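Colleague: Here is how the chains run, residue by residue.
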Amino acid sequence: MTAEAVTPALTAKDFATDQEVRWCPGCGDYAILKAVQSVFPELGIPRERFVVISGIGCSSRFPYYMETYGFHTIHGRAPAIASGLKVSRPELEVWVATGDGDALSIGGNHLIHALRRNVGLKILMFNNRIYGLTKGQYSPTSERGKRTASTPSGSVDNPFNPLALALGAGATFVARSVDIYLPHLKETLRRAAAHPGAAFVEIYQNCNIFNDRAFSYITDKENRESSVVYLEHGKPLVFGDKGARKGIRLAGLRPEAVPVGDGGVSPGELVVWDETDPQLAWLAAQLGPPDLPTPLGVLRAVPDLTYEQGVLAQIEDARRRQGDGSLDELLRRGDVWTVGEDGAISQGAAG
Amino acid sequence: MTAEAVTPALTAKDFATDQEVRWCPGCGDYAILKAVQSVFPELGIPRERFVVISGIGCSSRFPYYMETYGFHTIHGRAPAIASGLKVSRPELEVWVATGDGDALSIGGNHLIHALRRNVGLKILMFNNRIYGLTKGQYSPTSERGKRTASTPSGSVDNPFNPLALALGAGATFVARSVDIYLPHLKETLRRAAAHPGAAFVEIYQNCNIFNDRAFSYITDKENRESSVVYLEHGKPLVFGDKGARKGIRLAGLRPEAVPVGDGGVSPGELVVWDETDPQLAWLAAQLGPPDLPTPLGVLRAVPDLTYEQGVLAQIEDARRRQGDGSLDELLRRGDVWTVGEDGAISQGAAG
Amino acid sequence: MSTVLSDPSERPRAHEVERFREVVIRFAGDSGDGMQLTGSQFTTTSALVGNDLSTLPDFPAEIRAPAGTMAGVSAFQVRIADHDIHTPGDQPDVLVAMNPAALMKELGDLKPSGVLIVNVDEFNERNLAKAGYASNPLEDGSLAGYRLYPVELTTLTRRTLEGAPLDTKSKDRAKNVFALGMVYWMFSRPLEPTIGWLERKFARKPELAAANVQVLKTGFNFAETTEVFQVRYEVEPARLAPGVYRNVLGNTALALGLVAASRRSGLPLFLGAYPITPASSLLHELSGLKQFGVTTFQAEDEIAAVSAAIGASFGGALAVTASSGPGIALKAEAMNLAVMAELPLVVVDVQRGGPSTGLPTKTEQSDLLQVMFGRNGESPVPIVAASSPADCFDAALEAVRIALAHMVPVVLLSDGYLANGSEPWRLPEVGALPDLRVEFASNGHSGGASGNGHAFAPYRRNPETLARPWAVPGTAGLEHRIGGLEKEDVTGNVSYDPANHERMVQLRAEKVERVARGIPPTAVHGDPEGGDLLVVGWGSTAGAIEGAVRMAREEGLSVSRVHLRHLNPLPLDLGEVLGRFERVLVPEMNRGQLALLLRARYLIDVVGYPKVQGRPFFRSEILAKIRTLLGATR
Amino acid sequence: MSTVLSDPSERPRAHEVERFREVVIRFAGDSGDGMQLTGSQFTTTSALVGNDLSTLPDFPAEIRAPAGTMAGVSAFQVRIADHDIHTPGDQPDVLVAMNPAALMKELGDLKPSGVLIVNVDEFNERNLAKAGYASNPLEDGSLAGYRLYPVELTTLTRRTLEGAPLDTKSKDRAKNVFALGMVYWMFSRPLEPTIGWLERKFARKPELAAANVQVLKTGFNFAETTEVFQVRYEVEPARLAPGVYRNVLGNTALALGLVAASRRSGLPLFLGAYPITPASSLLHELSGLKQFGVTTFQAEDEIAAVSAAIGASFGGALAVTASSGPGIALKAEAMNLAVMAELPLVVVDVQRGGPSTGLPTKTEQSDLLQVMFGRNGESPVPIVAASSPADCFDAALEAVRIALAHMVPVVLLSDGYLANGSEPWRLPEVGALPDLRVEFASNGHSGGASGNGHAFAPYRRNPETLARPWAVPGTAGLEHRIGGLEKEDVTGNVSYDPANHERMVQLRAEKVERVARGIPPTAVHGDPEGGDLLVVGWGSTAGAIEGAVRMAREEGLSVSRVHLRHLNPLPLDLGEVLGRFERVLVPEMNRGQLALLLRARYLIDVVGYPKVQGRPFFRSEILAKIRTLLGATR
Ligand SMILES: Cc1ncc(C[n+]2csc(CCOP(=O)(O)OP(=O)(O)O)c2C)c(N)n1
Ligand SMILES: Cc1ncc(C[n+]2csc(CCOP(=O)(O)OP(=O)(O)O)c2C)c(N)n1
Ligand code: SF4
Ligand code: SF4
Ligand SMILES: [Mg+2]
Ligand SMILES: [Mg+2]
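If you read the protein sequences in the order shown, they are chains A, B, C and D. Residue 112 is where the first sequence starts when you use my numbering, and the numbers rise one by one after that. Residue 112 is where the second sequence starts when you use my numbering, and the numbers rise one by one after that. Residue 43 is where the third sequence starts when you use my numbering, and the numbers rise one by one after that. Residue 43 is where the fourth sequence starts when you use my numbering, and the numbers rise one by one after that.
These aren't lab readings, by the way, just hints derived from the structure by calculation. One or more of the hints may lead you astray.
[As the list claims (entries may be wrong)] Capping the alpha-carbon separation at 35 angstroms, the derived lysine-lysine pairs in DSBU-like fashion look like this:
1) D:Lys247 / A:Lys246
2) A:Lys246 / D:Lys243
3) B:Lys297 / C:Lys247
4) D:Lys247 / A:Lys332
5) A:Lys124 / D:Lys211
6) D:Lys213 / D:Lys243
7) A:Lys246 / D:Lys259
8) B:Lys246 / C:Lys211
9) C:Lys247 / B:Lys246
10) A:Lys246 / D:Lys667
11) B:Lys332 / C:Lys211
Just so you know, these numbers come straight off a predicted model, no measurement behind them.
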C-alpha cells in the first residue's frame, strides 16, 4: 500500500515511545512490555508493519508504549477491530493486547470468533485475575470465593479456564507464559509470531495493587521448579526440583505425577508432548494445582488456512474468472433498455 | 411469591397454545416442539412454574407455542435474560430456546458465561447450521465452504463445535440429540430437566427450506445405525448395523472404530462411557464423520453448586448474621450528628 | 404502441380499448404462489415498453406461513404510467387474488369498481375458512362493487400442461404464469422478455421452461379468445429522458453506489455486516462482487461488524457497515469510537418498524433521532438520506464523499420501502461520477511536525475541512497511536486538560458543521420565492410528497416542497428558505423527528404530519393534509 | 464556638482570629499521599461542628500514576460555611500541596493572597523536575502573591515518630495526618472525631493507630506553639434545620435510595451491572447489603447486565441496571425491549466526559439526548435527574415510583460530580417515605378476559396510568407470552396490523406523557410571577445555579430559577412558566441538550450556556453570564 523504508536492524529502544509509562510501580505489565519490545526487533519486520490493538484496561494501555501503529480502542472489541484490519491488510503484523476482563468478559464473543475464524492475530491476554483499571472487581478468571470490591462475601461462580475456552473455540495456537519469566515469555512470543493463524497467549500477570501474589504459587523462588511443567514438543513431561524430579504419566485418560530418575518410572512411560494432538492439549489445559503442576508453553500449534488467506483467494479467483470488474458492465447488469433522443425505446444498451 | 394451584396431571395438550404454529411445513422445529410439549407434563411441575425464554430466529418463536410463561426477547440475549430471572426466582423452571446463530453468533458470550456460572437454565440450541429467519446466510455452525446468500463462493472459516465450546466454557451438562429422534430427544430433555445446574443441549434440526438434509448423513434410514453412537453411562461404546457392529477403542489417546462381536475385539477393550470424565467428554466431542460415528446423548453431567444457590446462600447467611436489614440503621451508618431545635449540634443520632 | 418492440398479439378487435395515463396493479397470493416473481416480470416488461413505474413488494413476516392463511399472503404492487412517477401508487386499479386469504387481506385497498381477478379453484370450504370467510364472496354478492373476473387458474393450467413431463405439484406452480399471461394481454404487453427470462431461469430444466412458456402463451390467448374481459387497457410509454435504463431495487442501487465509490476513491471496499431484515441484501449483493476487490465480513454480531469496519478504516479501506434499527442501536458505542478516532466510515441504516424488534418487514423513518443523538457524550455525525430506490446510488456516493473528505463516520439512512421497492434507473456515466480520490498522509507531508517534538501530528487538521490526516499502517515514519480517550489537539496524545476537552468537542462539532459548506443550496420545487405552504420531507416520502404537491398545485394551491438529502448538518440556507413560507408541513413515517430538529433549530412552528403504520404515505393522504392546512376543502 | 463538642486547644491568645462566613480548602498531593482520606476527615469533623459543607474529589485517571508526576496528583476540595451552601466552591482560599507536582497542578486555582501550605521536604531536584519546574518556586519568589507556609512535613513526622515501631515508609505515610493536625488548629477543629476514626480504622494495628494519633496531635500543637501561622480562621456553625445528619456521597445516597425503594415497594432489589467509572461504586455499595435481600449480578457486559435486570423484572423484582455513557450506549437495544414489553426497570446513568471513552474520571451532562432518543423506533422513556449528592436518594425513589406505577423503563441521570461529591444529608423518616407497594396481576383480577377468547390480557391497561398488568411467572392461570415484536392492543399477541401499530406507538407515548400528571407544578425560586431572566437547570448544576442566582438577586437583578427533576415528560406547566420571563438561560455541562428540547417543545429562544470541560460550573461563571445577559456590568 505504501513504500516500505529499508529497515536497519532495530533494537528494543526503537519500539519504545516518548510516553511516560503509567502502570503502578511493580505491575507485571512492565515485564511484558519489556519482553514484547525485545522480541519485535528480532522478527526482522519493518517497524511500520506492526500494529498493536487493545481494548480498555490497564493492560490495554499497552499500545501507547509501543512505537508502532497502535489503536487503544473500546472495551472488549479489540479482536473484532483487529480482525477487520488484518483481513483488509494481511501483510500487517496485527497484535492484540488485552486483559482477562477485556478478552473474556465483555470481549468473550469476539475472542472465540477470532479464534474460530483463525484470523492471523497474535492475541496476548494479560491475566491478572482481576479488573485492575476499575479498581478491583472480580473477573471471569478470579477463583471462586474471591472477595473483591464487587464480591465482598466472595464470588459464587467458577472462573473460565482460558486455555480450555480457546481450545473449545477451535484455536490453532494456544500457549501460556508468565510475566516475569522473561526468557520463556520471549520464546512464547516468538512462537506466536511464527504461527500463521490466530495465536492465543495467556500471560499470568501480577496486579500488585488489587490482586497481589495471585501467581506466587508458581512465581515464588521455592515453587518455580516444582509447580510448573514446561511443554516441549517431542519431549516427555518432566518437572520438579533437582532432587525430586517428577514426570507425568497417563493412568488411562487420567494424568498423574510420578517420580522419575533412579528408582522412578522410566521416561518411556511418560507422556511425550505433542503440540498437534487435540487430546493432549485438552489434557494439559486441565493440569494444575493442587495435585499437578501448571503447564507453561505451547499447548497447541497446528497449521490451518487463515481467514484472510481464504478471503484473498476468493477475490483473486473471482478476478481470474471474471476479470477485475468493470463498473460499467456491473451497472448495466440484468434487463436494460435504451430511450433514444426521439423517445423510442429499444431493449438492451443501444449505442 | 404467589400461591400455587394444585396441579392435576397435565398432558401435552395443556402445553399447547391457541397460536397458529408458523414454521415452514416440514421444519424440524415441529418435532422439537412435540418432544418438549410431551416431556414437560411428565415432570410433575405446575405449569405456571415453567418459563420459556428465547432470542430471535425461527427457533426462537418457540415460546409462542408453549402454554407457559414465555418471553420472546431479542437476538442473542436469552441466556442473559434467563439468568436474571432464574437468579431472582430460583424456584422457576427456566428453559431457553435458541438457534445456532442466536446462541453461538450474537449470543456466544452470554451462552458461555451462563454455562461458566452454572446458572440453572435448560438451554436447547436448535442447530440447523443456517440462519433461517433471515433467509439463509451461513451460521457459526455451517461447514467450511458452505455456499449461502452471504457466502456465494463458499464460507472460508471453520465452524464452532458447539459441544467442544460448551465443554471449554466449563459446562456441567452437555448433550446432543436430533429433532426427529423423538424417544432419544425426549430422554435427553428429561436428563437436562433433572440436572440442577446449566444444561446445554444441542439439537440437530433440519431446515428444509435453506439447509435441507444437513443431517441426512445420520437421519436417513440407511445411515441411522451406522453413523451414530449413543453415549450411555457405564456402557461400552458400540454402534453399527446388526450385521456389522463396531465399537470404539482407544489407541493411546486416539479413538478408533473396531469390529466387535465374533471375530472382533472383546467388549473389554472398548471405551466404557463415563459422563463425568472430562477427558472422555472432550474425546466424544471430537467424534464424527468421516471416520467415526456422531455421538448422541449426554457427553457430560457433573453436579456442582449453581450460581443461584450461591447467591441465595449469601443472602441467607447475611441475614443470619446481621438480621434482615433495618433501613433506619442503614441510613444512619457512619458518623451522624444531630442538630437540635435550638441549633445545637451533638455527635450521634440524639433522641 | 410506439415501441420498436413487436407486439405478438395482433391489435385487438373484439375488445374495446381504454387508454389510461397510469394504472396500479397488485398481485396477491400465498407465499408459495410466486407473486414476487410475477410482479417483477410484469415490471420488467412494462419498463421495456417504456412506462415509468414504481413497485412495492409486501412479504409476510414468516418465512413460510401456513398455506392459505392471512399471515401467508405475499403481495407485489406495481404502478405503470405514461409519465414520470415516484410512488407505487395508493390504491390498486387491478387486483389479482390467487386465494381467499389474499382477497380478504387486499380487497380493502382496491378502488371502487376496480378490476378483480380471482382464482376460483382456490375458493373451497377449507381455504374460505382459513381466510375467515363465513360465506363465499364470489357467490354472496359482496363483490358487486367490483369488476369481478373469476378464472379457474389451476384447472386451466393443468389442462394446458396435460401430458407434460411434470408432476401435478409442479404444474400447479405455473398458475401464476397463466395469470401473468392474462394480465399481459389485458395491458397489451409483449411476451418475449418473460419468455427469455423463463428460458434463462430454467436453462438447466428445459421441460420446465417449455411448460411455463406454454402456460404464459395460453394465458395470453385465453384472455384474447374468450370473452372473459370486455376491456383492454393501454398505457402509453412515458417520455423518459434519453439514456440507458434498468429497473433497480433500493438495496441494489445502494450496493452499486458503494462499489462505484470504491472505484472512484481507489480504496478497496470493506463491508462489516451482520444479517438483519431489511438490510441483509446489501451483504448478499456485495458478497457476490469479489472481482471488484470487495471484502464482505459477516461478523458474529453488529458490534463486531462495525468494529471490523473501523479496523479496516484504520488500515485505509473504504469501510462500511450496514444494519437496521436494532443493529444500529448496538453499534452506537463503536460508532462513537470512530467519532473520537476521526476515521472515515459509512454506517447504513435501512430503517424498519420499531421500537425493539417491532415490525421487521415493515418500513418506517423512526431512526433519525437515534442516529443523530444515540451516542454518549457530544458526538456529532453527518447524516444523509436516500429518497428513492435509484437515489440510493447517489446517496451512497455522497455519504462516502463526506466521510473521506472530513475523516468522519457518516450515517446513510434508507428504509424497508426503498430497499425492496424498485424504479427505472437512468444509468450514470461512470466517468461523470464524483472524483473521490484521497491522499494518505505520507512521510514529510500532511500532519508533519506537531511542534511538541512529535514526529507526526495525527490530529493536525486541514484548515478547510478540519479533517485530520489519514496515516495508514505500513507508512514508515508515521507510526502513531489513536484511541477513545480524549485527544490533545494536534498531537493526538491522551489529554485530561479541561480547556483542551472543550476545544476538541468544539472542533468535532465544527468539522461536521463544515460539511454544510460543501452541499448545494436548498432546491425549492414550486415557488422558490415563497408562498402559503412549504412541504419539507426527507427519505422515502419523496415520491408521495412530490405527487401530492404537484396535484395540489394543479388545484391552484400555493404549495412548494423541499426534500432534504442532508439531515445533519442542515443546508446553510434552510432557515432562510423556511422563512419564506407562511407555514411548513413535515410528513414523516415517525412521530415528528425531523420536525423536532427544525423546531429546535429555527424556532418555526412547523406542522408535523406523522404516519407510523409500517407502510408508506399515500399521495392522497398528503394531498388531503395540504388541502386542510390551506383551507381548500373539496 | 457554639458547639457542645469540647475544643481540645485552649482558645488561642497569641494569634489573631479571623471570622469567615465560608472557606474553601483544597488538599493536593500524590495519589499515595492519602489526600482523599485527609479531605474526608476534615469534612466529617467540620460537619460535626455544624458547618454546612460540600466536597469535590479529583482523582487521577490512572490507578497509580508514577509518584511525583502531574498525572499522579490527587486532590480533595471542601467548602465549609456558616450558611446553607450547595457547591464545593470555585477557587480555594487554602491550598495544601504535598509535593511540587501538586503545587504546579493546583496553584492556578488558588485565590490571590490565598493560604498556601507546602511540604518543603518534597521540593528536591528530582520532584521539581518531574513537575516541570525549572527553578524552585519556594525560592524564586514566584509565590510572592500568596501567604506561603513552607513546612518540613516529612521531617517533622519522622521526628514525631522517632522510636515508634514502624519502618520509615509507614512513618512517612503519616505526614498527611500531620498536615491535617495543622489545618485543624488553623480552623479550630476538634481532634476527637478523627482520633476515634483512626482508632476504629487501625483497630487491628494499634501501633499504627497510636502513631497516627500522635502525629495528628503534634501537627495541631506544632501550629499552636510555633509562630508559623499568624492567623487563625473561624467559621461559625451553619443554622441547619433540626434533624439527624450524615455526610453522604452521591452514589451512596443513590444506592440507599434504591434499597429504600425496595423496602417501600416490598420487591426484592436486583442490580444487573458491569463495572465502569464512575458508576462502579453503586455495585460495590449494593453488593454489601445482602441482608436487605439485594442481589447484585456482575454481568459479562452491559448488555447482559440490563438483560438480566429485564429478566428479573419479568419475574417480579425491582430491577435496576447502572452504568455510565459507553455502557448506556450498549444497553440501548435491550432497554428498547423493556419499552416494548412494558416492564418496570430503572436504568442509572452516572454520566462522565464523552464521547467514546472520553474522560472517564471527569464529569459531564452529555447523555441527556442519548437516553432520550438513543433507541431504534419511537421509544419514549421517562427521565429523571438528581441534583445533589443527597438528592440522589430522593431521585432514586422517584425513578422507582414512576417505573412501577407505569410499567415502564425509567432513566435516572446522575454524574461523576454527584457520584463522588458529598454533602450533609438530613436523614428522612423511613415511615415518611413514599409508599411504593404494587399489586401483581392475580387470577380473576386485572387484565382479565381480553374479549377475544384469551384467558388473560397482558396488555389491558390501567385507564389512569396506562400501565399494563404485571403478571409474574408462578401465578397459575396467567401464563402468557410477551416479546419484542409489535403487540396487539389488549391481547399482546404479535400483530403486523398497520392501525394497531400506530395505536400502540401512540399508547406507549401517551403512557409516558401521563407521568406528567403525577409530578408537582414547577417550583420557581425567585419571582414566580415572572421577571427579566429565568435560569433553567437540571442535574448537578443545581448548586452553582442556586448560588449564582442568589448573588445576582442580592445585586438586585430580576432573575429567578427553575431546576428540573423530570426531563421527560416535562412538567405540564413548564411552557407557561417559561413564558413569564423575558429571557431563559440554560447552563449545562454539554453543548445545549436540554436547551434543544425546550426550544423544540416551546419554540422559545432559550439561551444555552454550555460548559464542556469535564468539570462543574463555577458559581462565578454563571453569575457573570447572568450579569452580561441583563446588561449589569461591574
Ligand atoms: C463499555 C465499557 N464498559 C466498562 C468499562 C470499564 N472498564 C474499563 S477496563 C475494565 C476491565 C479491566 O479489566 P481487565 O480487562 O482484566 O484489564 P486490567 O485492568 O486488569 O489489565 C472495565 C470494566 C469501559 N471502559 N467500557
Ligand atoms: C440485533 C439483531 N440483529 C440481527 C437480527 C436479525 N436476525 C434475526 S434471527 C437471526 C439469525 C437466525 O438464525 P438462528 O439463530 O440460527 O435461528 P434459526 O432461524 O435458524 O432458527 C438474525 C441474524 C435481529 N433480529 N436482531
Ligand atoms: S492496577 Fe494492577 S494491573 Fe493496573 S497498573 Fe496497577 S498493578 Fe498493574
Ligand atoms: S426457514 Fe427453516 S428453520 Fe425457519 S421455519 Fe422454515 S424450515 Fe424451519
Ligand atoms: Mg485483569
Ligand atoms: Mg439456525
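Colleague: For every hint, state whether the structure bears it out.
Modeller: Results of checking the hints against the structure:
{"no.": "1", "hint": "D:Lys247 / A:Lys246", "in the structure": "holds, 24 angstroms"}
{"no.": "2", "hint": "A:Lys246 / D:Lys243", "in the structure": "holds, 21 angstroms"}
{"no.": "3", "hint": "B:Lys297 / C:Lys247", "in the structure": "violated, 43 angstroms"}
{"no.": "4", "hint": "D:Lys247 / A:Lys332", "in the structure": "holds, 30 angstroms"}
{"no.": "5", "hint": "A:Lys124 / D:Lys211", "in the structure": "holds, 34 angstroms"}
{"no.": "6", "hint": "D:Lys213 / D:Lys243", "in the structure": "holds, 17 angstroms"}
{"no.": "7", "hint": "A:Lys246 / D:Lys259", "in the structure": "holds, 33 angstroms"}
{"no.": "8", "hint": "B:Lys246 / C:Lys211", "in the structure": "holds, 23 angstroms"}
{"no.": "9", "hint": "C:Lys247 / B:Lys246", "in the structure": "holds, 24 angstroms"}
{"no.": "10", "hint": "A:Lys246 / D:Lys667", "in the structure": "violated, 39 angstroms"}
{"no.": "11", "hint": "B:Lys332 / C:Lys211", "in the structure": "holds, 26 angstroms"}
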